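Undergrad: Sequence:
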Amino acid sequence: MSSIARRAAAAALGVALLSTPSSAHGVTAAATGLSFPLVVAGVVLVSLLGGGFVLGAYGRLPWSPGRAALPALVFALGAAALALAVTQAAAATLVGLAAGVGVVYLARGAAITDCGTCADAALGAVTLHRGLEGVVLATVYAADAALGLVGALLVAGHAAAETAAVGSLYAPAGRRYALAAVLAVQTGFVVGVAAGWGVVAGVSPTAEAGLLALVGGVLLAVGTREARRRHVASIMPA
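Residue numbers (the numbering used here): 426 to 663.
These aren't lab readings, by the way, just hints derived from the structure by calculation. Among the clues, some could well be false.
[To be verified] Derived CB-CB ranges, DEER-like: (1) L519 to A598: 29 to 39 Å; (2) V520 to S460: 35 to 45 Å; (3) A598 to L459: 29 to 39 Å; (4) A501 to A524: 16 to 26 Å.
Bear in mind that the values here come from a model prediction, so they are computed numbers and not experimental data. Each residue gets a CB set at the ideal place from its N, CA and C atoms; glycine is no exception.
Work out the full structure, taking the sequences as your base and the hints as a guide.
TA: Pasting the structure below:
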């Protein structure tokens, strides 16, 4: 495989899996016909649609994302973050995983909002995750706009799932909380984009693995606690 092909493959995979891109700023971007702000707006729109679906469906459909599949979705998102982190730095992954799980279990009963510790912890983890995605997307797009556009499509689908999960956790407390959480997640992404566009060097692979593992640990713990809580609620007499 030629060096150009290897660089292209690495950059595309970096966006898809949130690995640190090997390319840097200063490379002439390939023409795609879409400006970067428009690409960012498209990703945010798709993400908002994921959260909007949850807010619209919650309590109205026999099958509600917030009641049925939420623990599995949160757990799967956490497992995906950990699977990526361990391929970058195993030691940092173990530290981040322990920290993420510890945050959830040590903070029991210390919720920031009325929505509970699980919801608040997941919101923080997903917002951090979306910020990392924004940094990677911006750096890859600055190097090659065509690869950045492909990466944006992949990020958008993942973002919709994360936003739906956060919206589901906050939906039982009311639409005001859920809407605020969904918007906070988008803000994290936009801040990450701005940071990635304004710097030359990205986050080191070890630090990124630790952060991803922290996110994964939080989401695994939240998914486990939510599954246990919902199971107990289902067997309790009405």
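Undergrad: Next step is simple, just say for each hint if it's right about the structure.
TA: Hint-by-hint comparison with the structure:
1. Our hint of 29 to 39 Å for L519 and A598 holds, since their Cβ atoms are close to 34 Å apart.
2. For V520 and S460, the Cβ-Cβ distance of about 39 Å falls inside the hinted range of 35 to 45 Å, so the restraint holds.
3. Evaluation of the 29 to 39 Å hint for A598 and L459 yields a pass: the beta carbon distance comes to about 38 Å.
4. A hinted range of 16 to 26 Å for the beta carbons of A501 and A524 is consistent with their spacing of about 20 Å.
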